[in-house]
Amino acid sequence: MRFVTAPVWNVSLILKSTIKRSEKLKASIGTQNNLQRTLVGWIFAILAIQGLCIPISLYAQSSNSAVIFKDVTEEAGVNFVHSSGKRSSLLPEDVGSGAAFADYNSDGHIDLYIVNNPGPLHAEITEASPGNVLYRNNGDGTFTDVTVEAGVGDRGYGMGCIFGDYDNDGDLDLYVTNYAQNVLYRNNGDGTFTDVTEKAGVGDTRWGTGAAFGDYDNDGDLDLYVPNYIEHDLDKLAQDQKTSMQYGQSVPRILNPHSFEPQDNVLYRNNGDGTFTDVTAELGVESPGGRSLQAIFTDFDLDGDLELYVANDLSPNFLYRNNGDGTFTDISDASWAADFRGSMGLATGDYDGDGDLDLFMSHWIEQENALYSNMWKEEGAMGGESSKAGIMRPIHLVDDSYGASLGEESLKYVGWGTDLFDYDNDGDLDIFVANGHTFQYLDNYDLLIPQKDQFFRYDGDGIFADVSAATGVAAMPYRVGRGTAFGDYDSDGDVDIFIVNNHGPAVLLRNEGGNRNNWLHVKLIGTKGNRDAVGARIRIKTGDQIQLREINAGASYLSFNSLTAEFGLAQETTVDWIEVIWLGGDTERFTGIGINQQTVLREGTGTRK
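By the count of our numbering, the sequence shown reaches residue 614 at its end, each step adding exactly one.
Treat the hints loosely; a few may be bogus.
List of simulated lysine-lysine pairs, BS3-like, C-alpha gap at most 27 Å [what the hints assert, rightly or not]: (1) K546 <-> K614; (2) K546 <-> K528; (3) K417 <-> K457; (4) K382 <-> K546; (5) K457 <-> K91; (6) K528 <-> K614; (7) K533 <-> K204; (8) K614 <-> K533; (9) K75 <-> K457; (10) K533 <-> K546; (11) K614 <-> K382; (12) K75 <-> K417.
Across the chosen pairs, the derived CB separations fall in these ranges [what the hints assert, rightly or not]: (13) I551 <-> F345: 31 to 41 Å; (14) V86 <-> D549: 47 to 57 Å; (15) G156 <-> E236: 29 to 39 Å; (16) E154 <-> T334: 42 to 52 Å; (17) G82 <-> T532: 31 to 41 Å; (18) L319 <-> T604: 42 to 52 Å; (19) D224 <-> Y450: 46 to 56 Å; (20) D224 <-> W582: 28 to 38 Å; (21) Y450 <-> Q576: 45 to 55 Å; (22) E129 <-> L452: 17 to 27 Å.
What the hints contain is simulated information worked out from the structure, not anything from laboratory work.
Remember, it's a predicted structure, so these values are computed and weren't measured experimentally.
For each residue, glycine too, the CB sits at the ideal point set by N, CA and C.
Whenever a hint applies, use it, and build me the whole structure from the sequences.
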């Protein structure tokens, strides 16, 4: 059994982070307010150390945003409805599903894949049952349903989906997780797919959730990590008619994940010949006791290989550090990020602009969403122990959700799909969270309680302001949000959002106004490593600012975001340089690139550093 222990916090690091935020505030707020906010930050840090969380809302919602989001689902030709059958109050019906923005036909426009349930859990599956849907992007703001001709209309009890070029042939393949057997579709390169699940050896029959592709062993091809949820024992369900109290509401125990045993996760190593090998036990990354919902590969220590973070539902989260030799070390407790809450969605990004990748995760009701500030750069600047002579400097992630004004704002909601992205192209990362309850209406058990989604704009000073109203999101109908995908589907320079709503119509939100600021989108092509450069980092310098992005293949909640890195440039008109740190550590610099366009950078064509 694994126990979670309280970390010994390095207070000097926390104070340094707070002081850094206060320095950024000087120009716009003034010394007195600066000091007040700094002191508040210290107070929150100390309370966090003691395990205390005082919900105090310090900042009013900003009203200066000129960017709004418009529901264009119908005009775009997307008529997807999730699980149209009557709900039978079983847990698998309530947790899905996800979606993906991915350019499956390599025409330069991101297409849309949506995962569905074929109806109530026990319903007979027929040709008329709902299935997954693939929409081809027509390049004019509309989509066409090409599911049948593409051959990807899986009717398993769908959960999540990810795309990745696992065979390095230049097009994106598709992996779908299910309650029961998962499916791998190989892209034939002609607009069609072939089910190669059995041949590839990745047809796990457990309850698969938010999978991720990543080249953990740096051998040039994509490996596959599949989180699994619980052992959903149907015999136990038939015998257990009891209820339990959850935040004052009587809820059937069959809807409580802790009524069931957790399932181990699976890491598949890509053999390079179209097949995979299960190396989970060998590498010790099964996330025991986890009840896992989402995983993400990311390079927290900036050493050219990918760590693995796993979000678990009311169980401790896991962080596995890549040792650089094809093995991992469990550093969950030592990293301070063994989050013991109902963790759902994951997103990484350098929100504070210090040059390393931070972590945001959405949580269950009465459990504030978490914003973990990565202290890698701060510790290094303070002369922390270096990674040399066989000694690896520790990775520390500090939860700054209350200091960033994100704590109290999320307590009333159940958060799912999420991302750190620059919706207004002002040069820093903002946050969107799709919300939706897991509780039923007391007078109608067929329906889950809908909630509003939330939008938070980063003010560049360590603080996020709630702009849900200003962006138009708060005025939209409340829904039961789940998986969420992010990408520029209409190629106009700003990031759009697609949301799968449980037992209801999906929603496509078009960004209107984000492209008033300048922007640059970067697509990478790997030649030595994996074709889509998953795991690579991109640094871009404009004026006195350097921004950082990482290419991920699997994030948010049960979903997949566009593989294109989107940068907002605000009013900058010149890109000084772009640096690509390819997976493995090789770095190339590219210059002479214009703004307000998508540029494609191929490995080996830049200037080596």
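Status of each hint after checking the structure:
1. K546 <-> K614: Between K546 and K614 the Cα gap is close to 16 Å, so the pair holds against 27 Å.
2. K546 <-> K528: Status holds; Cα separation ~17 Å.
3. K417 <-> K457: holds (10 Å)
4. K382 <-> K546: holds (18 Å)
5. K457 <-> K91: Measuring from Cα to Cα gives roughly 23 Å; hence the hint holds.
6. K528 <-> K614: Distance ~20 Å between K528 and K614 Cα, so the pair holds.
7. K533 <-> K204: holds (26 Å)
8. K614 <-> K533: holds (17 Å)
9. K75 <-> K457: holds (15 Å)
10. K533 <-> K546: With a Cα-Cα distance of about 25 Å, the restraint between K533 and K546 holds, given a limit of 27 Å.
11. K614 <-> K382: This hinted pair holds, its Cα atoms lying about 20 Å apart.
12. K75 <-> K417: Satisfied, since the Cα-Cα distance of roughly 25 Å is no more than 27 Å.
13. I551 <-> F345: 31 to 41 Å: holds (35 Å)
14. V86 <-> D549: 47 to 57 Å: holds (48 Å)
15. G156 <-> E236: 29 to 39 Å: holds (32 Å)
16. E154 <-> T334: 42 to 52 Å: The hinted range 42 to 52 Å holds for E154 and T334, with Cβ atoms some 46 Å apart.
17. G82 <-> T532: 31 to 41 Å: holds (36 Å)
18. L319 <-> T604: 42 to 52 Å: Cβ of L319 to Cβ of T604: about 44 Å, so the range 42 to 52 Å holds.
19. D224 <-> Y450: 46 to 56 Å: Between D224 and Y450, where Cβ atoms are some 50 Å apart, the hint holds.
20. D224 <-> W582: 28 to 38 Å: holds (30 Å)
21. Y450 <-> Q576: 45 to 55 Å: Holds, at about 53 Å.
22. E129 <-> L452: 17 to 27 Å: Once the Cβ atoms are compared, 23 Å apart, the range 17 to 27 Å for L452 and E129 holds.
Comparing the model with each numbered hint stated earlier shows that all of them hold.
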